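Protein chains in written order, with the numbering used here: chain A, 1 to 314; chain B, 1 to 295.
These are calculated hints, taken from the structure and not from any lab test. Heads up, some of the hints might be wrong.
As the list claims (entries may be wrong) - Below are the DMTMM-like pairs computed for lysine to aspartate or glutamate, each with C-alpha atoms no more than 25 Å apart in a straight line: (1) B:K36 / A:E187; (2) A:K169 / A:E185; (3) B:K36 / A:D116; (4) B:K88 / B:D187; (5) B:K36 / A:E185; (6) B:K282 / A:E187; (7) B:K282 / A:D116.
In this text the structure is predicted, and so the values were computed from the model without any measurement.
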Amino acid sequence: MNMLRRQDLKVIAASIAGFAILNGLIESGVIGAFWQFNLIMVGINIILSVSLNLINGYTGQFSLGHAGFMAIGAYVSAILTTNFQLPFLLALVVGGIGAAILGCLIGLPTLRLSGDYLAIATLGLGEIIRITIMNIQYVGGAAGFMGIPHNTTFAWVFFVMLFTLFFIKNFVNSSHGRACIAIRENEIAAEAMGINTTKYKVMAFTIGAGFAGVAGGLFAHCFYIINPTSFTFMASFNYLIMVVMGGLGSITGSIAGAVVLTGISAALADWPEFRMIIYSLLLILLMFYRPQGLFGNVELLDAKWVKRLKGGKK
Amino acid sequence: MEFTEQLIQQLINGISLGSIYALIALGYTMVYGIIKLINFAHGDIYMVGAYIGFFAISIAHVSVVPALIISMIVTGFLGVLVERLAYKPLRQAPRISVLITAIGVSFFLEYTSMYFVSPQPRTFPAVMESTAYHLGVFVINGQQLLIFAITVILMVLLTYIVQCTKVGKAMRAVSFDTETAQLMGIDANRIISVTFGIGSALAAAGGVLVGVYYNSIDPLMGIMPGLKAFVAAVLGGIGSLPGAMTGGIILGVVEALVSGFISSTFRDAAAFAILILVLLFKPSGLFGKNTREKV
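Can you build the whole structure from these sequences, using the hints too?
Printed below as a string of structure tokens:
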């Protein structure tokens, strides 16, 4: 335990140093507006993919409705800051809670399903959320919700992301998280061992939805306008791809997946006509040659080659 | 009286739309029945089918039925090709990898077609004059009759293939138990390819019919119908052919009624609401078999 804490402190120190460097580069203008925007997107995508990984990777419940929860968080927080002038942090938190409550309500009935059925049910629910928002005139309907203050900065995204990562990491390492992993490995065996499977599945789903809502809030406050078309099931696919690409059940994997995929799509932005073709081919090839994702289900710091690199104890 | 008229009219519209969903849903249900894959690329196969039909009519100047047959053959081979190149190497891989590959194939088909045929919607050539036939109080037009006729013919043909031919018997055997079927001397890979071919050909027929019915096609047209056809397949009981047919028709009718009597923006939501209700109360669908998970 002691070792773990020390490693956590090291990681926090390293990430704050990394933040200082990146922020310095942004302030001094070395990183231009385009890449600054992409850094913000990387942060938001990391929150989304890590929270989805909690549901899909750790608990083994195949959800395809993440964009729906993101939409709830985005709209709730945007309404609070734009129409009620509440502080940004409070709006983010309320957006997250809103998404979490909805996640819980949706999770309770649907998590009885498993596998493909759950996937398609969550996909359907995500679409229902989006279509419902599209029909609410108070938030602009299909045209989108306009006039949102531009509050999201790199610092906001970075520290919310850091909080998310440590929250989910600690959750996974807690007894609750272990119960979730047991459900993933074998639901019937987990139940036989006395784990309340429904409770833990809904818990993981609620937490994942909550963080998706927070990410949605950050997303809404970086564009001035949000539109229901940003939250289609295609967006959910995108986060699923990040999670699978990094490795189901690996937090560092999800980070890598989000960084790599956001990076690829930014780098290919100059060739819009080929962008999605190359992207899809990369995806297929990755599944051929590395179906378990970049990291499999181990963390970067626990991977064999990193340990060998560091030498020392087993 | 006016209400009844409108109701009957929406029923006719619904059944025509539903026939198209049913044609796509058949491919989904066959593929799912045999390799347990939600083939997200199926909707895009349908889009490719529509484009092949479009080019056959506008460039080769054939009439609608030959265009339909050409499109079904070419798209059938495309389906086999996709299966061979993208899904066959992953036969032993975890299911989620195959699913992600299907999403990848779907993106690939969408954006490659977009590159070649331009993202702008195309106007499908008017292949038949839209004569309206007045049957008593309600109206049915030529396109709708064509859709009914083609759908019925294809469904009869499919039922014949699956129930009465050797290939069909092998398909049923492989979907029932792949390993045992292989031990009995069935070449499962060939049967899976045939299934993809037949499913894709049916989707292509749906694509051409949609072009004829709505007069407009575009490279992203397959996403929503593809998803809804999957809903139809689940509604009918995945893996069941009569289920996919009924599911498609029911979905089409419900959508037409919702857009006719409530609001057309809630059309898509209605489809997904049906899906969730079915999954919650009867996950095996209308015609599906009840299976219990064993330890």
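Going through the hints against the structure:
1. B:K36 / A:E187: This hinted pair holds, its Cα atoms lying about 20 Å apart.
2. A:K169 / A:E185: holds, 19 Å
3. B:K36 / A:D116: holds, 9 Å
4. B:K88 / B:D187: holds, 13 Å
5. B:K36 / A:E185: Measuring from Cα to Cα gives roughly 20 Å; hence the hint holds.
6. B:K282 / A:E187: holds, 21 Å
7. B:K282 / A:D116: With Cα atoms ~15 Å apart, K282 (chain B) and D116 (chain A) stay inside 25 Å; holds.
Hint violations for this structure: none, all hints satisfied.
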